[in-house]
Amino acid sequence: MRQLLRTPTGVIGLALVAATVILAIVGPPIWGEAAETIDAGAALQGASAEHLLGTDNLGRDILARVLAATRFSLLLAVLATVIGVGLGLLLGVLPSVLPRRAARLVTGAVNALVAFPALLLAMFTAVVSGLGARGAVLGIGMAIAPGFARLTQTLAASVAGADYVAAARLLGVPRWKIATRHVLPNIAEPVILNVTAVLGTGLVAMAGMSFLGLGVQPPEYDWGRLLNEGFGRIYLDPVVALGPAAAIILAGLGFNMVGEALAKSAARTSASAGPVSAAEVAPDDSAPDADAVLEVKDLTVTFPGGVTPVRGISLTLAPGEIVGLVGESGSGKSLSAFAIGGLVPYPGTVTSGRLRLNGTELTELGQAKRRKLLGTSMAMVFQDPMASLNPALTVGGQLAEVATVHQGAKRSAAWARAVDRLKHVRIPDPEKRARQHPHEFSGGMRQRAVIAIGLMGSPKLIIADEPTTALDVTVQRQILKLLREVSADTGAAALFISHDIAVVSELCHRVVVMYAGRIVEELPVSELAGGAAHPYTKALVASLPDLDTDKGEPLAAIPGTQPAPAEAGTGCAFAARCALADQRCGERPPLKEFGKAHTVACWHAGTVEIEVATR
Amino acid sequence: MFALRRLIRFAVSMVVLITASFAMIHLIPGDPIRAALGMNAPLELVNQRRAELGLDDPIPMQLLAYVQQILGGDFGTSFMTREPVGQIIADRLPHTLALAGAATIFTLIVAVPLGMWAGIRTENGRNRGTELGFTSGTGALTVVPEFLYSIALIVVFSIALGWLPPAGRDGLDSYILPVLALSIGAIAMVARLARVETLRELGADYVRLARAKRLPVLRIYLRHVLPNTLTSTLTVGGLLLTGLIAGSVLVEFVFAWPGLGGRMVESITQKDYPVAQAIIFVYGAIVLVVNLIVDLLLSKLDPKSTIKET
Amino acid sequence: MIIENLTVRFGSFTAVENLTLEIPPGSVVGLVGESGSGKSTVAKAICGLVRYEGRMSGVDPKRVQLVFQDPYASLNPRMTVGASVEEGLSALPRGRRKDEVERLLSLVSLPPEFAGRYPRELSGGQRQRVAIARALGARPELLVADEITSALDVSVQGAVLNLIRGLQAELGLSMLFISHNLAVVRYVSDVVAVMHRGRLVEIGPAERVVGAPEHAYTRELLAAVPRLRH
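If you read the sequences in order, they're chains A, B and C.
Residue 143 in the numbering used here sits at position 156 of the first sequence, with consecutive numbering throughout.
Heads up: take any position in the second sequence, counting from 1, add 5, and you land on the numbering used here.
Heads up: take any position in the third sequence, counting from 1, add 1389, and you land on the numbering used here.
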């Protein structure tokens, strides 16, 4: 409830609903008499001081009638909702209780009924059950039921398919207990949310039936009936239709808004919308590295609310060099890659002291120039090849458009280049394959096609974000081989992001280890197994079983978890999980030289105790 | 294979619809003839009407006769006007289809770009003001029923301004208000769906790859995102057409449109059962046919959608 | 447990074909294979979660427990850790259940106050410990572990593997350990079975299968395993 009052939708909706309910309670006692008082002398009047919304054909005050009709209108809507929701719940739950065949029949019937417009079902039922309020309520109830049954079915089916229900079944938890402890509590919330919205729909639909003359019959009256009576007079006195119309809209809106606000607060994630305080970075004065393909200094990514998942990382890649960026989930490794590629999603902000690709400072380029440069000289490969290609377009078309957009190539020339690139990444029968859609490709082939997209230009840098994580090991090996060949053929440098140290050690020349948004160690791959200096790197290496691991010894394990970017504190982020942490670690250790092409950020690096503690 | 299965399902649904439509008259409590003609009607007339409807025959015979009649396009005779019901339907159905069809096209033309625009504007939670305005605005518009839009449009454009005819079907300008009345709520609903769909596609990996290819934004939206929203648009379009055909009942009633809906309401209130029964059957049959066509089209366009069926 | 001629079909697709496998009491059998090899279907069949043909004997089917891959989906978000673990203790008198929950949590190295927490307050590794505790509560004759470390971070994976090995040694559990990672399977298992396209292609003592593979596919798989360069 408190959550409801936090959004304007919730506040307005709640106020409207409260007003409707109060009117339904006090309306008939206060205005009931005035609504029934016949005054033949004042029949069919327009708006006046005495009758604000005019009078009807018997001289009864329309405003009083609208106010007094609140109770009956709401009551009918509630009844229809109760029938519809009750029936819907029953039909929705039945399939999970009935034997398979009967369950299918119920599901099939519900699916067929859902396809029918609710109004038709309501009309049919109303005809069969007779003209009048009873028929209309039944009709609208029947019209609500299939949709609600479908909703319940979908929700229940998704919960019933959850692992925790399977686990409960294995534990021998009886069926009814699974229903009451696991299924019902997890579908209750969405079901209740929907009841509110259905009530609004029911109210409006009921008004519609009465308006058509198929619902409430005189002398009884609800809002729809009042509108029906006023409708014939709108040419002379439009105001007589105003009262019932406004009542229907406001009440319907109220329930709908409450439903919507409830749904929103249920779905709300902790999205804090604070101001973005982008890190101030002084431009770097030192001479840029003329030979580097990529030179990054003090790259920082900030999100609103002071969340900084990437904190001042610096990287340099030489031509043909393959560098592995290693870390666990939440270390900021993927976001660093996106930041270099200029793909950090809104509302993230990227700042850097230097971001040079092949000698050009990217932040100084205009948009068009930057797009062209990156489009032809930077290739990106993502984790899930199943999702990276557009399912609606041919594979060849997705390659060719790079050439038509960035190089102004003609269609036929672009297509020829696309086929050639597919051939280059060793996709068999490239002419035929180019005309196919991604779903006709296997996972490994799709990843080849994505790499081929990067080869449409003349890439200087390939950024690959966990490109083999979703693939099987045998396919992984082929893709790694392809990446190595591509880098060797084109002289492109590659930044390879992975959580898997073994893969990185097979592919890369140099390894960069990230922890909680910072680089903690950078070392040649040959040092990884024996010469790592940071306790985190050492533990990562030791926790990974390989085919020669001594089965008699336990694996190394790091206690605790990596801190979220906002909770990393001012000291060494790894200190809380480190056996060597002392008071010096309250201050963040800088990244400093530790040997040839080897830097590390640890106060204890190289000391005797680190060798003992991490053995 | 899918088409065959789908056709069988269509046939089964048709049988159910015919049975339900046949059963309608029999489910009416009491004597439908008496109810229609009133207590004072002469016995001979009642018996004559009863014989007309074949209500004296055994039920299976009646059902058989009913099926034969429907297949021959014979829907009986109106109690009230003595017109052949088949003729009423033939006269009025085109006007209903024209109204609902025009509203469907208008809705899709306005709603899909609107929803896509809103999706692009509010991606990743940017422009929270636009998002709030769009969701609450469209939310409110979907709540207001067609008949209130109809009345409001008549009051403003016909009575106050006198620009457009308030009723009847006479010339192109007579379409404007009914189509608008039928479309406004539908536009709001479809635009909401289109926005959600667009947001989902924008979050997809292939859009990220398209961005990594540094394609111009317009190309990403039109060539990469739009085709992927078409499948769901077609699905919605089918539901929309059937929904608008049902919604047209109220709009036809308000605008005195010479379609099926107005006549159906009239026949129900007057207990002209043969007419009500036939029109409800026709509406049901239209829904089944439209759904069949949409499913078959979908299976052609998107082979994956048929997999979900099984 | 002895599995004989296990076949599982989904429509016209045969996920597992004629698989025969023995899990001797007190030993760990590792089942390794790539995606689509049918290894997870074997787990589901053993637990009775899919229809199958063939014979399973030696273990009461009601005394088989499964630990799932995704610790974020295998705990009911609306039940406390204690309530989840307690679900498997229906055989115990009500009064003793609380103590048993505490014992089980300590068995997986979780402090007793975790019983009152909800899954959302736990990390992935902690959730997987809870799932293991829940399975152990039913005193299983056979524990099936289906890719239980693949959703976890490397630094946590080691601890869960250590836990599994420790529990196995301590309790003498019979276990079927399923993973796509040959190194992990080798480290945990006494016997390694290799699956490929629904069929069992090789089975033998872990060191023998890894050291001297007989089947071509096993050799291919071994060659593809990424290794840390020394």
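Calculated directly from the structure, the hints in this document are not laboratory data.
Some clues are possibly wrong.
[As the list claims (entries may be wrong)] Derived Cβ-Cβ restraints for the label pairs, each shown as a range:
| no. | chain 1 | residue 1 | chain 2 | residue 2 | range |
| --- | --- | --- | --- | --- | --- |
| 1 | A | A475 | C | S1512 | 49 to 57 Å |
| 2 | B | V20 | C | Y1461 | 56 to 64 Å |
| 3 | C | L1481 | B | V201 | 44 to 52 Å |
| 4 | B | I64 | A | N98 | 47 to 55 Å |
[To be verified] A few chain A residues that don't get close to chain C, going by computed Cβ distances all over 10 Å:
| no. | residue |
| --- | --- |
| 5 | V69 |
| 6 | S116 |
| 7 | Y151 |
| 8 | A155 |
| 9 | R156 |
| 10 | R464 |
| 11 | L467 |
| 12 | E472 |
| 13 | H486 |
| 14 | D487 |
| 15 | C572 |
| 16 | E580 |
Note that beta-carbon positions come from the ideal geometry of N, C-alpha and C, so glycine has one too.
Which constraints among the numbered hints does this structure fail? Numbers only, ascending.
Failing hints, ascending: 1, 2, 4, 7, 8, 9, 10, 11, 13, 14.
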